[in-house]
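Chemist: Take 3 as the starting number for the sequence shown in my numbering and just add one per residue.
Some hints here could point you the wrong way.
[As the list claims (entries may be wrong)] Listed below are the simulated BS3-like cross-link pairs for lysine-lysine, each with C-alpha atoms no more than 27 Å apart in a straight line:
#1 160 x 187
#2 42 x 6
#3 187 x 29
#4 59 x 160
#5 175 x 59
#6 122 x 175
#7 113 x 175
#8 5 x 29
#9 160 x 175
#10 42 x 122
#11 118 x 5
#12 42 x 29
#13 113 x 187
#14 6 x 29
#15 187 x 175
#16 59 x 42
#17 122 x 160
#18 59 x 127
#19 29 x 113
#20 118 x 160
#21 175 x 118
#22 113 x 127
#23 160 x 127
#24 118 x 42
#25 187 x 168
#26 118 x 168
#27 113 x 59
#28 175 x 127
#29 42 x 113
[To be verified] Across the chosen pairs, the derived CB separations fall in these ranges:
#30 121 x 3: 23 to 33 Å
#31 158 x 107: 43 to 53 Å
#32 74 x 135: 38 to 48 Å
#33 74 x 42: 41 to 51 Å
#34 145 x 76: 35 to 45 Å
#35 3 x 125: 46 to 56 Å
#36 76 x 36: 34 to 44 Å
#37 39 x 103: 21 to 31 Å
These are calculated hints, taken from the structure and not from any lab test. The beta carbon of each residue, even a glycine, is placed where N, CA and C say it ideally should be.
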Amino acid sequence: MFKKILIANRGEIACRVAATARRMGVKTVAVYSDADASAKHVAVCDEAVHIGGSAPKDSYLRWERIIEAAQATGAQAIHPGYGFLSENEEFAQACQNAGLVFIGPPPSAIKDMGLKAESKQLMEKAGVPLVPGYHGANQDAALLQAEADRIGYPVLIKASAGGGGKGMRAVDKSEDFAAALASCKREAIN
């Protein structure tokens, strides 16, 4: 059991992790940006460390600062919450390299499951039941349309470079597929 963990997130998820840790007798360290100095997750943790500017790219996505904060406070583990760094293989590996436990899947699992098409193929090989779909390398629009028509509508288009709901569209009929596919591709690129 850990004596102290750092929660590498903010908001409701950080509060929930802190509450669970408290029930388990584990001390907690919050990290916060300029914008979150007075946030609830900072108040409910036993300690708090400022990690940067208001924008996530200047704070919650700066994993080197998060690891430094964990080391400086004596935390033994880092809980990533969800979003931000929770699916970042490099962050999970950096935690291990720094002698910290990443509370989550090992870096190898994050890598294997991080790419939608590859993870679906891995699950298929393992015999995991899957929703019917196409996850091949050929991304030609006509082929994708034909696969959707074969599977039957409604279908859900999920861009492999998406994430967080980006590049995802429900399509109810064949004649709407091409426009939805183009929209998903544009959104996933940005």
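Chemist: Now, for every hint given, state plainly whether the structure supports it.
Modeler: Each hint tested on the structure:
Restraint check for residue 160 and residue 187: the C-alpha separation of about 9 Å stays at or below 27 Å, so the hint holds. As the CA atoms of residue 42 and residue 6 are separated by approximately 19 Å, the hinted pair is consistent with the 27 Å bound. A distance of roughly 44 Å separates the Cα atoms of residue 187 and residue 29; the hinted pair therefore is violated under the 27 Å criterion. Between residue 59 and residue 160 the CA atoms are separated by roughly 25 Å; this keeps the pair inside 27 Å, and the hint holds.
A distance of roughly 39 Å separates the Cα atoms of residue 175 and residue 59; the hinted pair therefore is violated under the 27 Å criterion. Restraint check for residue 122 and residue 175: satisfied, since their Cα atoms lie roughly 24 Å apart, inside the 27 Å limit. Simply put, residue 113 and residue 175 have alpha-carbon atoms about 34 Å apart, too far for the 27 Å limit, and the pair is violated. Distance restraint check for residue 5 and residue 29: the Cα-Cα separation of roughly 6 Å lies within the 27 Å cut-off, and the hinted pair is therefore satisfied.
Among the hinted pairs, residue 160 with residue 175 is consistent with the structure: their alpha-carbon atoms are about 16 Å apart, no more than 27 Å. Taking the CA atoms of residue 42 and residue 122, the gap is near 38 Å; set against the 27 Å cutoff, the hint is violated. Distance check on the hinted pair: residue 118 and residue 5 sit about 36 Å apart at the alpha-carbon level, beyond 27 Å; violated. For the hint pairing residue 42 with residue 29, the CA-to-CA distance comes to about 16 Å; that is within 27 Å, so the pair holds.
A C-alpha spacing of about 23 Å is found between residue 113 and residue 187, which places the hinted pair at or below 27 Å, so the restraint holds. Between residue 6 and residue 29, the direct Cα distance comes to roughly 4 Å. Compliance with the 27 Å bound is thereby established for this hinted pair. For a cut-off of 27 Å, the pair hint linking residue 187 to residue 175 stands: about 19 Å separates their Cα positions. Restraint check: the Cα-Cα separation between residue 59 and residue 42 comes to about 21 Å, which is no more than 27 Å; the hinted pair holds.
A C-alpha spacing of about 12 Å is found between residue 122 and residue 160, which places the hinted pair at or below 27 Å, so the restraint holds. Of the pairs offered as hints, the one joining residue 59 and residue 127 is violated, with about 37 Å between alpha carbons and a cut-off of 27 Å exceeded. A threshold of 27 Å between alpha carbons decides the hint, and for residue 29 with residue 113 the separation of about 30 Å lies outside it, so the pair is violated. Using a Cα cut-off of 27 Å, the hinted pair residue 118 and residue 160 holds, with the two alpha carbons roughly 9 Å apart.
Between the alpha carbons of residue 175 and residue 118 the distance comes to roughly 24 Å, so the proposed pair stays at or under 27 Å and holds. Using a Cα cut-off of 27 Å, the hinted pair residue 113 and residue 127 holds, with the two alpha carbons roughly 17 Å apart. Between residue 160 and residue 127 the alpha-carbon distance is near 21 Å, which keeps this suggested pair within the 27 Å criterion. In summary, the hint linking residue 118 to residue 42 is not supported, as the alpha carbons are separated by about 34 Å, beyond the 27 Å threshold.
Among the hinted pairs, residue 187 with residue 168 is consistent with the structure: their alpha-carbon atoms are about 9 Å apart, no more than 27 Å. Restraint check for residue 118 and residue 168: satisfied, since their Cα atoms lie roughly 13 Å apart, inside the 27 Å limit. Between the alpha carbons of residue 113 and residue 59 the distance comes to roughly 21 Å, so the proposed pair stays at or under 27 Å and holds. Restraint check for residue 175 and residue 127: not satisfied, since their Cα atoms lie roughly 30 Å apart, outside the 27 Å limit.
Between residue 42 and residue 113 the CA atoms are separated by roughly 33 Å; this puts the pair beyond 27 Å, and the hint is violated. One distance hint, 23 to 33 Å for the beta-carbon pair residue 121 and residue 3, holds here, with the actual separation near 31 Å. For the hinted restraint 43 to 53 Å between residue 158 and residue 107, the CB-CB distance of approximately 24 Å leaves it violated. In this structure the supplied range 38 to 48 Å holds for residue 74 paired with residue 135, their Cβ-Cβ distance being about 46 Å.
In this structure, residue 74 and residue 42 break the distance hint of 41 to 51 Å, their C-beta atoms being roughly 23 Å apart. A hinted range of 35 to 45 Å is violated for the C-beta pair residue 145 and residue 76, which are about 55 Å apart. With their beta carbons about 32 Å apart, residue 3 and residue 125 fall outside the hinted range of 46 to 56 Å. Between residue 76 and residue 36 the Cβ separation comes to about 25 Å, which falls outside the hinted range of 34 to 44 Å.
Checked against the hint of 21 to 31 Å, the pair residue 39 and residue 103 passes, with Cβ atoms roughly 27 Å apart.
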